[in-house]
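**Student:** Sequence:
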Amino acid sequence: MNRSKTGVWLLAGAMALPLAAQAETQTPAPDTAAAVPKTVNGIPYVTGGVGMEERQAMQSASPDYNLKLTFADRGSGEYRSAVAVDIRDMRSGVQVQADQAGPLFYTQLPAGRYKVTATAAGRQQQKVITVARHGDRSLAFYWDAQ
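Under mature numbering (1 follows the signal peptide of the UniProt record, and there is no 0), the residues of the sequence shown are numbered -23 to -1, 1 to 123, in order.
Check the hints yourself; a few may be wrong.
Said to hold, decoys possible - Lysine-lysine pairs mimicking DSS-like chemistry, simulated, CA-CA at most 25 Å apart:
| hint | residue 1 | residue 2 |
| --- | --- | --- |
| 1 | K104 | K45 |
| 2 | K104 | K15 |
| 3 | K92 | K45 |
| 4 | K92 | K15 |
| 5 | K45 | K15 |
| 6 | K104 | K92 |
If you are wondering where the hints come from, they were derived from the structure by calculation, not from laboratory data.
Since the structure is predicted, the reported quantities are computational estimates derived from the model, not experimental observations.
Taking the hints into account, I'd like the entire structure generated from these sequences.
**Tutor:** Below, the structure is given as structure tokens:
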């Protein structure tokens, strides 16, 4: 190898070294799409589903929850977020309350009968559901688009 080629290789190696060191020390960005569980009155829940990554995160979390709520517009099926959720045990009162939920909302409830109230854009809907000891239940709430 002649001197000019050796110099080019040394220069290229010297320039690449800082880039390699920087790449090795960078930490990966946190997964912002991960479904982050919260707890109210000892009852865990998770909400999200805006965008494909969040929907995939919610799908991954799904097996951990026995009541799954979906919020959407009637007709188009477009997902709806910013929904207030109130889930009350028919015997003992409030179990779970969350503002700004959706478009998917999952919770793990004790077996029992519940009244689920969902409010979006000032329009309220109520449904009653029985949650068994085993298995899961799903409810969908649809609103007319404004």
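**Student:** Give a verdict on every hint.
**Tutor:** Here's how the hints hold up against the structure:
| no. | hint | in the structure |
| --- | --- | --- |
| 1 | K104 x K45 | holds (13 Å) |
| 2 | K104 x K15 | holds (23 Å) |
| 3 | K92 x K45 | holds (14 Å) |
| 4 | K92 x K15 | holds (20 Å) |
| 5 | K45 x K15 | holds (15 Å) |
| 6 | K104 x K92 | holds (6 Å) |
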